[in-house]
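Going line by line, the protein sequences match chains L and Y.
Read in my numbering, the first sequence has 561 at position 561, and its numbers run on one by one without any break.
Residues are numbered in my numbering as their position in the second sequence, beginning at 1, plus a constant of 706.
A couple of the hints might just be wrong.
Unchecked claim - Example chain L residues on the side facing chain Y (calculated, C-beta under 8 angstroms, incomplete):
1) Glu-108
2) Val-422
3) Val-425
4) Glu-518
5) Lys-562
To be clear, the hints were calculated from the coordinates, so they are not data collected in a lab.
C-beta: ideal position from N, C-alpha, C; glycine also.
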Amino acid sequence: MDSQCVSILPRVCGVLLVSGSSLPDDTSLEKLLDWFTTVAQTGPSLLEACPCLVDFVSKVAFNYASGSSILSFTLKLTGLIGASEDGFKVLKECSVLKLVFNPQHWQEAGLWEDPCLRIGWIQGLKMILQHSEALSFFAQADLIEPLLQLQTDPSLFVASAANQTLAQVLLLCQSLSSVGHNGSKNRDLEHNSVSMETTQNYSGIITKVSEYLNKSVVLKEISQLPGSQQILRLLAMLLVRVGPPLRDTLLLAVMNSLEELVTTSCSQLTVPLLDVILAANSGLRDDCVPKQRLIRLLWAMLNMKKPDDVMQAAAAVLRSHQSDPALSAHSARVLLLPLDIVTGVSLLDENSTEGELRILITEQLKRKSCISMICVCLSNIPQITLMASDRLPCPQRLIVTAVLLLLRLCCVDSSSSSPGCVEVVRFITGNSKVQKCALEALLVLSKSPGVKMVLVEVFKVLTEYLNSPSSDPSVLQKSYQVVIKWVGVCPDLSCITDQLREGFIQAVRKRACDTRWEARDSTVEFLGHLVEVPSCWTFTEQETEPLDVLLGGRRFTVPLLKEALQDPESYVRASSISALAQTLAPSWQDGTALTQEQEDIVAQLQEVLFQDSEGFARRAAVKYFTAWFSACSSPSSCWLLMQSMPTVLSQGVADLDWEVKLHTLELAELLLDRAFPDPSPSHSYAVMSDQDHRLPIAGHPNSCCC
Amino acid sequence: MKLYCLSGHPTLPCNVLKFKSTTVMLDCGLDTTSVLNFLPLPLVHSPRLSKLPGWVSKDGSLNLEKELKECAGRVFVDSQPEFCLPERELLDLSTIDVILISNYHCMMALPYITEHTGFTGTVYATEPTLQIGRLLMEELVNFMERVPKAQSATCWKNKEIQRMLPGPLKDAVDVWTWKRCYSMQEVNSALSKVQLVGYSQKVELFGAVQVSPLSSGYSLGSSNWIIQSHHEKVSYVSGSSLLTTHPQPMDQSSLKNSDVLILTGLTQMPTANPDGMLGEFCSNLAMTIRAGGNVLVPCYSSGVIYDLLECLYQFIESANLGTTPFYFISPVANSSLEFSQIFAEWLCHNKQTKVYLPEPPFPHAELIQTNKLKHYPSIHGDFSSEFRQPCVVFTGHPSLRFGDVVHFMELWGKSSLNTVIFTEPDFSYLDALAPYQPLAMKCVYCPIDTRLNFHQVSKLLKEVQPLHVVCPEQYTQPPLTQSHRSDLMLELQPPPMPYRRCSVLNLPFRRRYERVYILPELANSLVPSEVKPGVSVATVSAVLQSKDNKHTLQSVPKAPPVAPSKKRKRVMEEPPMTMAPKPLLSGAVPLEAFLATLQKHGITEVKVEETADGHILHLQAEDTLIQLEEDGTHIVCDNNEPLRATLRDLVLRFLQKL
């Protein structure tokens, strides 16, 4: 097909040349460019394959009447051709290169204003910058100036592409310089030795970039805010991507400006500024001077006037896993401050230095915006728990206590009052965002040492949430997850009294009948997951399953799940089928005799396969049989399973839902694996799969339908 | 303007507003929580209740065995239940001109006010309020009369004895004023005084004020009221709701620019979200039915029950409850279900549009058609033959002291499979259940109160911006059980004026203007003169006639002809004495110009002294003082009348005459 394409390419180029600005849709050009890219990557050279392109490029370059999309396409195409050194030479020889990448040329033609053309120019340039020849051309043509101007282009797409290209330029400079210094071989530069002149070119580029960054980082007036943000993003990207010598150069160049910027305390710049500082900080040795200055900058950010900014800075410091212990410890304290104030649990000692911040945060907690602040605090608790215990401002057990108290304060039905900030209660009560963040924090805190003592408290709070009529379905789902997590990590559930269990059972039973399908679905899923939680110990020191301890075992869950099979919502039906499979899996493994209940379930599942209008339920039904078949140690001795198999297989493959078909084929594969366990196929028509002699399944590239 | 507060119950208000020359009663709610102190009235003989031991004080000195019975550690009065009436001693009820009813729950004390008190006024209410209110009253009378109890306990009310009783009887207030239920005859007589009004209809009260009901969104026909004169506006906000349930939405904009807003009837369950409660109701119901138990829903026969049935209509299928029978038992069940379907104009828009389709506005009609919902006047008769379990029963009274609900409590109370779900917020469910203890059946409290919560009301008040707000004192502090919830109270600037039972408030605004009409011929005779650009004034000599609180200026009748004419004689009143009025002066005397004028007239020795209000001119040669002040000019001149006249004329030159 490629040869056919190549043969008609000259005519296509001819059409494009005369099309002018009449091209209504440029997606065809994009596709053409994609094809050229594939040709360039797979074939020997793009020009060899399509020699007519040089002619096309030069004609377009001199033809101002071409539409902007054709021009943009041509610029990118030029970049693609020039990406190889051979192509670059050809372009250079026919003087197209200089013309095409000369912004002056396009400005004079009045076409530079069009962002479409600018983006073509940048992307073309980026593609070409693959080798030293290109970099020399870039330096000699002094293209760094227009490229720097485009860094804060009003078009975000242009600015972003310009950022990427600048990074590309610096990376190329860096790799070529290292070749120059080390004499090591580079794939692109095998036959090159870097001349003195070229090295000067590189350093000239780097100096210009450094000067530009230093000048642009400082915020002179508020109208330049978007530009400043863009520059900071660029800087962060460069600091992450470039290696040590160049990174140090850039960093030293901008350090003064960064210090100046921190003092402006502009909230909109806090996040990008932090990104820059942390990007710079990540690779530096502890004892180097820039590192010390960066640490000072972070301290300055942690002492800003606006509590929101300080919280963001503290969160960023913790997430970046700072090696400076004082800095991380202070950040943890800052992040825990809202929790301390709201709950009144003394997480931080009295002699702390953050007195002023405490006052500012307390004020903020009296306003509605306290929600986001509390959420930042809670969502960073996982980072705090990762810290070494000697650096933590308080034992993790205290944090658990505070989170539990916060959860109580957030619960609408709770009459708990806070010894802390009273005003905040009106905003957080019933706020599902805070509730979810707090539950998420509680989930992580289950791993904390010594918190098993509060299991009962945790259990009570979670039951309260599961019971509360005001709990949002997403909060219910999170509460279930927390139950699973805590029960999973607590080997001893003897503290769960009958009264607690009864309350929990009532809550679960009620949620299984909830009017909101999401709540019913989460409940059914929970019942399935609970089976998979490892065994624990009861007060009689007997090993037992958490399902038995919390809900009284399968005799409670199976009837609920069977009810859920009739649910009007297909997601719930599907979840109940999966949960039933999870619940019954142990009895299948043990080879326990089938009960009447299980027989009823199988009948119901077959009905689902035949009659359910939704794919989710039917998919789950097929997977149920797959799970049963896999878990069963001796499927052939289970008459009901064997009896159901033909029906499931014939119904499954005839299903209109492709996923049902896929799951049926997986079941068939399993069946064949069991039927023919010998790796060498005994039947002559069997198809060998590549690796493990398993029969291929549908969906694989070489699948074979059996 | 005064407000007399006859009830301290925030959602069952009874206030009297004296405004201009009218006396307007705003609602007459009946506080029925007093019945919780009484033993239930069983429909069939209850061995359990009849065997309850009588109460004797610990030391044996007080024996009220016949009046008081003990059950599970609490003492109940064994008598016909009695209600706590609005205060009747604070003002003479016969002086009330009109009673404005805001919704059917707030009119239950009407017969106590209109009958046997000398009341001769009119009651205003919307049609659904009247009709459903009548049903509720009929039901109440029926509940009481079908289980007559000859005994009327009074000894325990003796102050000395009451003091020695255990709580909560000991703490009950004004027990001597508690009254037994009214009769059907009194209900009919009271309701005959009701005059129907429609939303936004303006009703003139003696020409002095105009009252107008506005939709309040709480229940069928529920209203807030505007009471206004030409220059003053009082808004009365009673049970209102912003939720989209069955009634017409609340009219908020008409409440704007009120001088005083009387705010009552906020939700009694500020922390219970009605949607969450409805969900809770459904899941508990399904849970019980699935486990083979029965569900009892003690409720009023109108109101939230429509929403419950609508919610269940959608829920039945999804919860696989299709075969479970739902029973609605009330003497007025049939009327209530049917009335709700015919008040189309009072329904929300969504339901109104259904009137034009071949389907009824409420889906309970379909439940009845498909036999899923059955209604009966009582447990006797047809019900007993069709009764199937497990089932769901909706019946009254929510206090659990009378009505068919008592029977079901006795019947189902012993089994833990059954559940009683409380949906009405008016009664504490624990108090309601007290005489049934020990109780095995599950109890679920899902109070559904759709009335405004504090968040909604503060938003509403911000919007309508009344100058002053008057409200029950309960709204000015957080609930006792949640004292940390400062969001569960009204925080306004200026702070609201709280009231309690028996308060008499002087409402904090003064009437400053009155509208007076002027007849055309009189207006025609006026000669306006412009005192400053755009403002003209004229003097009027007229006769002010006041009739039906309307004031009219009429021309002064001419003196009667000297000789009697032969024309038909007209009865004429003695004409008032007419005197030519003195001209009114306006303007100010400019000091410099005045001094120049004085000089022209030979008065040269003038000493000018500046004072706080103007100037004092001392004419030294003449020994005369002229005080020029903002609102007056005085010439102090002894025994020199010609000089005084000259000076006066000089002053007058600078002033305008009207």
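Do the hints match the structure? See the list:
A cut of 8 angstroms between beta carbons decides the hint on L:Glu-108: the least distance to chain Y is about 61 angstroms, and the hint is violated. Hint status for L:Val-422 relative to chain Y: holds, with the closest Cβ pair at about 6 angstroms, below 8 angstroms. Given hint, L:Val-425 at the interface with chain Y, holds; its Cβ is 6 angstroms from that chain's nearest Cβ, closer than 8 angstroms. Checking L:Glu-518 against chain Y: minimum C-beta separation of about 12 angstroms lies over 8 angstroms; hint violated.
With a least beta-carbon distance of about 11 angstroms to chain Y, the hint placing L:Lys-562 at the interface is violated under the 8 angstroms criterion.
In summary, the numbered hints that this structure violates are 1, 4, 5.
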